[in-house]
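Enquirer: Chains as they are written, first to last, in our numbering: chain A, 1 to 120; chain B, 1 to 120.
Some hints could be false.
Derived lysine-lysine pairs resembling BS3-like cross-links, with alpha carbons at most 30 Å apart [said to hold, decoys possible]:
(1) A/LYS26 - B/LYS120
(2) A/LYS26 - A/LYS120
(3) B/LYS26 - A/LYS120
(4) B/LYS120 - B/LYS26
(5) B/LYS26 - A/LYS26
Hints were generated in silico from the structure; no laboratory data involved.
Number of protein chains: 2
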Amino acid sequence: MAALLLVAHGSRRAASNNEVRHLTDKLREVASDRFEQIECAFLELAEPLIPDGITCCINQGADEVVVLPYFLSAGRHVSEDIPGIVAETQARYPNIPIRIAPYLGESSDIVHTLLELAIK
Amino acid sequence: MAALLLVAHGSRRAASNNEVRHLTDKLREVASDRFEQIECAFLELAEPLIPDGITCCINQGADEVVVLPYFLSAGRHVSEDIPGIVAETQARYPNIPIRIAPYLGESSDIVHTLLELAIK
Numbered sequence: 001m002a003a004l005l006l007v008a009h010g011s012r013r014a015a016s017n018n019e020v021r022h023l024t025d026k027l028r029e030v031a032s033d034r035f036e037q038i039e040c041a042f043l044e045l046a047e048p049l050i051p052d053g054i055t056c057c058i059n060q061g062a063d064e065v066v067v068l069p070y071f072l073s074a075g076r077h078v079s080e081d082i083p084g085i086v087a088e089t090q091a092r093y094p095n096i097p098i099r100i101a102p103y104l105g106e107s108s109d110i111v112h113t114l115l116e117l118a119i120k
Numbered sequence: 001m002a003a004l005l006l007v008a009h010g011s012r013r014a015a016s017n018n019e020v021r022h023l024t025d026k027l028r029e030v031a032s033d034r035f036e037q038i039e040c041a042f043l044e045l046a047e048p049l050i051p052d053g054i055t056c057c058i059n060q061g062a063d064e065v066v067v068l069p070y071f072l073s074a075g076r077h078v079s080e081d082i083p084g085i086v087a088e089t090q091a092r093y094p095n096i097p098i099r100i101a102p103y104l105g106e107s108s109d110i111v112h113t114l115l116e117l118a119i120k
């Protein structure tokens, strides 16, 4: 039973955090055949934080967790903060693989998505 | 002659700004038939800033500029800062339409892009 955890930065603005939760709902609609759980978590400023999000997935039965950074650039958050937090959490659950997927900005699809938005 | 201006937040980290410039190069590869100029600009912390990016497009012959916010959420930057800067710049060039496209996070494609990253 694999879980997908979408990880966003988190904002003081509730509407921005709710955009992430809404996106998580949409992911559930299209990906429930690939992941039995799909949740979101935040690096800071909103809840759940990443360790709590991972723990929640594992407590609900996940035997693998894929952490997907909802970030556009490979800054410190993507290159250091998220891997550090995941490594600490992994140490608490040595038998459950926790894998970090490529961050959103790394996807080659972005170019086409941007073009579609531009010509609408 | 339409110009596309990809607008990112800008970072103190040069590599993050260069990711945006690299993405702009990739946009040129796929969209040069739709836009005769494709440039990038930044809200802050990197150059060119948005007014300079728009002016550059117009000075090179653009008769229309599409500003495309490379942002994931509709926070203050997307809802207030960018429209404010664009309106000020529009006032300087009343005969050149400057249109703001939907921001990246608003695209329904994002769900599928995230899923592809998750299952790689």
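Enquirer: Compare the structure with each hint and give your call.
Expert: Against the structure, the hints come out as follows:
1. Between the alpha carbons of A/LYS26 and B/LYS120 the distance comes to roughly 19 Å, so the proposed pair stays at or under 30 Å and holds.
2. For the proposed pair A/LYS26 and A/LYS120, the alpha carbon gap of about 22 Å is at most 30 Å, so the pair holds.
3. With a C-alpha separation of about 19 Å, the suggested pair B/LYS26 and A/LYS120 falls inside the 30 Å cut-off, and the hint holds.
4. Under the criterion of a C-alpha separation no larger than 30 Å, the hint pairing B/LYS120 with B/LYS26 is consistent with the structure, at around 22 Å.
5. For the hint pairing B/LYS26 with A/LYS26, the CA-to-CA distance comes to about 28 Å; that is within 30 Å, so the pair holds.
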